[in-house]
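Heads up: the sequence lines are chains A and B, in that order.
If you read the first sequence in our numbering, its first letter stands for residue 1, the second for the next number, and so on.
If you read the second sequence in our numbering, its first letter stands for residue 1001, the second for the next number, and so on.
Quick caveat, the hints were computed from the structure, so don't treat them as lab data.
Where a beta carbon is used, it is the ideal one built from N, C-alpha and C, also for glycine.
Just so you know, nobody snuck in bad clues.
What follows is a list of derived Cβ distance ranges for each label pair:
#1 ALA301(A) with LEU1443(B): 50 to 60 Å
#2 THR29(A) with SER1322(B): 29 to 39 Å
#3 ALA1108(B) with GLU214(A): 55 to 65 Å
#4 PRO1349(B) with GLU52(A): 51 to 61 Å
Now for the letters of each chain:
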Amino acid sequence: MADLFDPDRLSRCISCGFCLPACPTYAMTGDEASSPRGRITLMRALDAGRLELDDPTLAEQASLCLGCRACEPVCPAGVEYGQLLEEWRGAQWQGRRRPLIVRALVLLVTLRPAHRLAGILRRAGRRKADDADQLMLGCVERTMFPRVSRAALTLAPGLAADPDQGCCGALHAHNGEPERGAAMARRLGDDLPGTIVTTSGGCAAHLASVIGRERVREFSEYVQDQRFQPVLIDGRPARVTLQDSCHLRNGLGVWREPRRLLQSVADYVELPSAATCCGAAGTYSLVRPRESRTLAKAKVAEIEAAGVDMVVAVNPGCLRQLRQALRRHRSRVRAVHLTEFLALSTKGPHSS
Amino acid sequence: MFSDRSLSTNVLRKLRSVVGNENVRTDPGVLEAYARDATPLFHAYPQAIVEPDDAQQIAEIVRIAVEHRLPIIPRGSGSNLCAATSAQQGGIVLTTARMRRIDEIAPAELLARVQPGVTTAALAKAAGEHGLFYPPDPGSHTVSTIGGNIATCAGGLRGLKYGVTRNYVLGLTAVLGTGEIVATGGRLWKDVAGYDLTRLLTGSEGTLGIITEATVALLPAPATTGTGLAYFADLEAAGRAVAEIIARGVVPATLEFLDRRCMDAVDAYAHLGLHATAGAMLLFGDDGEDDQVAASLARMRQACLDSGALSVEIGGVSEAESLLAARRCTLPALSRLGSLTILEDASVPRPHLAEMVARIDDIARRHDVVIATFGHAGDGNLHPTCVLPSAEDTEAIARAERAFGEIFRTAIALGGTITGEHGVGAAKLPYLAERLGPAQTALLRRIKSAFDPAGILNPGKLGS
Ligand SMILES: Cc1cc2nc3c(=O)[nH]c(=O)nc-3n(C[C@H](O)[C@H](O)[C@H](O)COP(=O)(O)OP(=O)(O)OC[C@H]3O[C@@H](n4cnc5c(N)ncnc54)[C@H](O)[C@@H]3O)c2cc1C
Ligand code: SF4
Ligand code: SF4
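Given only the sequences and the hints, what does the whole structure look like? Please build it.
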């Protein structure tokens, strides 16, 4: 199976194993095959023709991997695992080998008219002068969490929000259609000229990898210099924690910004595993519900132990995962998006 | 000796009855993942992966293996650099992934008792929570297991002052190649009853017994740590500074050096802002009481300046951690320079360090290969690393191998050895007899057959 992978990318890994302790699936199984290094070994075997696409271990590992990219920042060799995984799934997840649920989902977000049907959209939508920075509405977020964009527009009133914008294609890229995912990102980049601001860490990382880092601002980066009033609960500062968005942290290196914002308005506590995937991981909660729940359960235990009022997410997938998990475990802690949380800031934005 | 590829259903059934179905795996993809460790150019398929969870299970697996003449290759995290876990003759890879329990940290006795699959960093952390300290810290400490550390007698970045793994192993429980379980040593600081089998098992690379539990010594954690960074025109000059430091009676915790190529690779990853033009750097560090550390750093600083350092910087605890972390990733960072990195592990008596560095340079030039060198300078332990543009270029690989052959012989000629800490494994077995001579080589064989008469434990390594 030649030509599946960029040869330079695939040859970068020297199998040192430094990535093993960072990988949540390796922690779960202790199995070399479900470590980043092991998966790269499998990709190489596929590339060299030692294993075929039908091999059950390949199928299992392509789906067990969260795609969280926690293995990237710890890799001294600079292996771009996320890209390799896209290439791998691009070959692996074709036709009948593609998980059924993935097929259904990708189809769903590809249907642009679906967004327009959701009435909330029009209200969230807002055209502005051509040189305004553009808020990306996100295909999942705009339907499931319309309040997130609304809050973003309140906090950053200068943003334009074109209601006709399409999907960035992150979901496609991560689920076996890298070319299409890239094409969709390029199209979105054309639709929304200038700087694109997004409230979704996953979209931010994908978009940046296609249209260039300089054109993409994740929301916490975008408002990092703004001053907000403290968020109070029962007259005391809210006690909050943050769940990183994997791609935002591991792909774009953005993790200090949301923390600084939260520290400036609330009593912030760091979760021991804040940087570790919560199990949402795009389509993962649907493709691998058991493992996804295992990760979520551990997360809820930590959140409970932290004694917080709220846990803040910077990506819609994480928000959904945390909300469901907290509900499942009958927790009183609420999960909110960063924009929703900042909007609670008693008097709204104050420029410094 | 060992033949057919796939194991008979009979053998598999027996193995499964010991550890459970899910802990015996033979899928081709899984075997692929275990066909290599961190050593490049070695690829060999095992026939099964077995994950036991205690000594009793391991003893039963050994008996099955003896009966069916199956090799057993013990494996921790597979981070070794000498193809020590390469299944050269097929067989069972026995992993310790399910044996990760820290059984005991005993502050009153300054020791810990752990299962072999615990990582070095996890043990160090657990000890730290009791104000204690487990000194051996191989560069791979977040990955490597205690079982692997003991079986390779791993060194690390604190070797000069604190020694290596062997200095901390008090007692071992191990399953021999006969299926017998032995407990050597124990919780005692003094115990001379019998041959020192604990030391013999340490560094035995899984060829004498499978370690199922280790009792290791701990120390009280030092109050503080400090580091300094000295830059030199070249690695030879840094090597002379090392000799000077030690000649002045300083025995620091850390003395590591990197040449220019290594500095560039590390900085590309860690963004430390290292000196842009210096030919080499020396990272020195010490730990202990505040004033003692300050005094030791000052003396090292002076020794560096007197040996012609271009500049010297002294840093605090936070710098110490990031510098050491960066130093630890030198090897993988070097792979940024090419597609294939082959690393070696020659060790020479300290006074010959500078000379060895110069000889390596000369060898690299003559064989027309790029060699970047870093290492545990304080221990006289060098890691010349050959970086090749392509893993397919067999001609270049052959040149690199000739260069390394010469490096080993030079090290031996200078009173040194072919491996300081990474082990012999399958990778260096061809050079072992040269280092040991015929009488010792024969003795190794006899020791091997006493522990493992059927020759099933990691065959093709050390004394087999
Ligand atoms: C980037 C990098 C840096 C490194 N830095 C250092 C360093 O500074 N110093 C150093 O010494 N090494 C270093 N190493 C080498 C390696 O990490 C060590 O050899 C380590 O001790 C291996 O541990 P492991 O758990 O990965 O063992 P493995 O690689 O799995 O096994 C190593 C050997 O131990 C045997 N073994 C494992 N578990 C057992 C057991 N329970 N019973 C019996 N035998 C067993 C195996 O059969 C094999 O022979 C480095 C490696 C890398 C990749
Ligand atoms: S991906 Fe990076 S860290 Fe992991 S084994 Fe490969 S080189 Fe090492
Ligand atoms: S992407 Fe996440 S789950 Fe997948 S190999 Fe990397 S660390 Fe492991």
